[in-house]
Amino acid sequence: FELSGGRVGLFVGDVSGHGREALESTSSLRPALRGHLEAGLSPRAALASAGRAAGIDPSGRFTTALVAVHDPASGTLTYAQAGHPPPVLVGPGAHEPITVASSAPIGVGLRTGKRQTTVPLPRGASACFVTDGLLEARAGDTLLGREWLQSVVAAFGPLDSAEALLDRVFDAADLTADDMTACLIRAVDGPSAAGPRIEELELASDDVGAPAPGRFLEACGVPAEAVEDVLVEARRLIQQAGKALLTVRIDGDGASVTVTAPTREALATT
Numbered sequence: 004f005e006l007s008g009g010r011v012g013l014f015v016g017d018v019s020g021h022g023r024e025a026l027e028s029t030s031s032l033r034p035a036l037r038g039h040l041e042a043g044l045s046p047r048a049a050l051a052s053a054g055r056a057a058g059i060d061p062s063g064r065f066t067t068a069l070v071a072v073h074d075p076a077s078g079t080l081t082y083a084q085a086g087h088p089p090p091v092l093v094g095p096g097a098h099e100p101i102t103v104a105s106s107a108p109i110g111v112g113l114r115t116g117k118r119q120t121t122v123p124l125p126r127g128a129s130a131c132f133v134t135d136g137l138l139e140a141r142a143g144d145t146l147l148g149r150e151w152l153q154s155v156v157a158a159f160g161p162l163d164s165a166e167a168l169l170d171r172v173f174d175a176a177d178l179t180a181d182d183m184t185a186c187l188i189r190a191v192d193g194p195s196a197a198g199p200r201i202e203e204l205e206l207a208s209d210d211v212g213a214p215a216p217g218r219f220l221e222a223c224g225v226p227a228e229a230v231e232d233v234l235v236e237a238r239r240l241i242q243q244a245g246k247a248l249l250t251v252r253i254d255g256d257g258a259s260v261t262v263t264a265p266t267r268e269a270l271a272t273t
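In this note's numbering, the protein residues as written are 4 to 273.
No wet-lab data here; the hints were simulated from the structure.
If you're wondering where the values come from, they're calculated on a predicted model, not measured in any experiment.
Do not rely on the hints blindly, as some may be mistaken.
Said to hold, decoys possible - Okay, the calculated beta carbon distance ranges per label pair:
| hint | residue 1 | residue 2 | range |
| --- | --- | --- | --- |
| 1 | Gln153 | Gly255 | 35 to 45 Å |
| 2 | Asp177 | Ala215 | 35 to 45 Å |
| 3 | Gln243 | Ser154 | 16 to 26 Å |
| 4 | Asp256 | Glu236 | 16 to 26 Å |
| 5 | Thr184 | Glu231 | 20 to 30 Å |
| 6 | Asp209 | Thr184 | 39 to 49 Å |
Quick reminder that beta carbons are idealized off the backbone N, C-alpha and C, glycines included.
Kindly produce the complete structure, drawing on both the sequences and the hints.
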């Protein structure tokens, strides 16, 4: 769906269970996430707000979701996940996703919307969003998996669609035991060069002393000698402001970190 400034918002989700109850969860979550993006929230903040509103589902159901915003003018894709597989990226700027400190699904009562990634999506690049049914389809005893999916999308031409991707999965798999959804986007305009990648992680008091923040920084390529200084500053900000935001800029072989107190993004809808 369209957003201001020529941007496009999208989300892919997977509700546990089947039938009317699962449909009801979808029907309530989808407009909430869309409203948050249209109100100006980032994908990470949209998921965090939806997670707080959902709380713990008394039926035990949960929802995985990926929320993204594509900005063709800047040639970037910004996305946040809640227990959902990251997108498959091909073309200029493609990379292996960092999954350390990933956010929890919606409905399990855990804080979500902690992570956000901004990647370059220059002209000629593609991003494929899927539910885990595609990744878990089996050919014999082997999962098709992410690498197979990436190779298929990388070989696609400009007229191949998400429907064609599903057809390829059905052709290759002996067993497709779960629902499968795919959304494929291509950058046909905008910058031709890939820019830096930005990884964000929001920390709160319950993250102090946990291993995940340090592992996240190491996975981003932050030098080991700088990790402890970053965590010390994060703990100081958490004591002052209640939260700290780690923002890692990855450009070429280097990674730099800034530590800030996250701003509260105002909600136009509640």
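Consistency of the hints with the structure:
Taking the beta carbon of each, Gln153 and Gly255 are about 22 Å apart, not inside 35 to 45 Å as hinted. Asp177 and Ala215 have their C-beta atoms about 37 Å apart, which keeps the hinted 35 to 45 Å range intact. A hinted range of 16 to 26 Å is violated for the C-beta pair Gln243 and Ser154, which are about 48 Å apart. A hinted range of 16 to 26 Å for the beta carbons of Asp256 and Glu236 is consistent with their spacing of about 24 Å.
Checking the proposed 20 to 30 Å range against Thr184 and Glu231 shows it is violated: the Cβ atoms sit about 42 Å from each other. For the hinted restraint 39 to 49 Å between Asp209 and Thr184, the CB-CB distance of approximately 33 Å leaves it violated.
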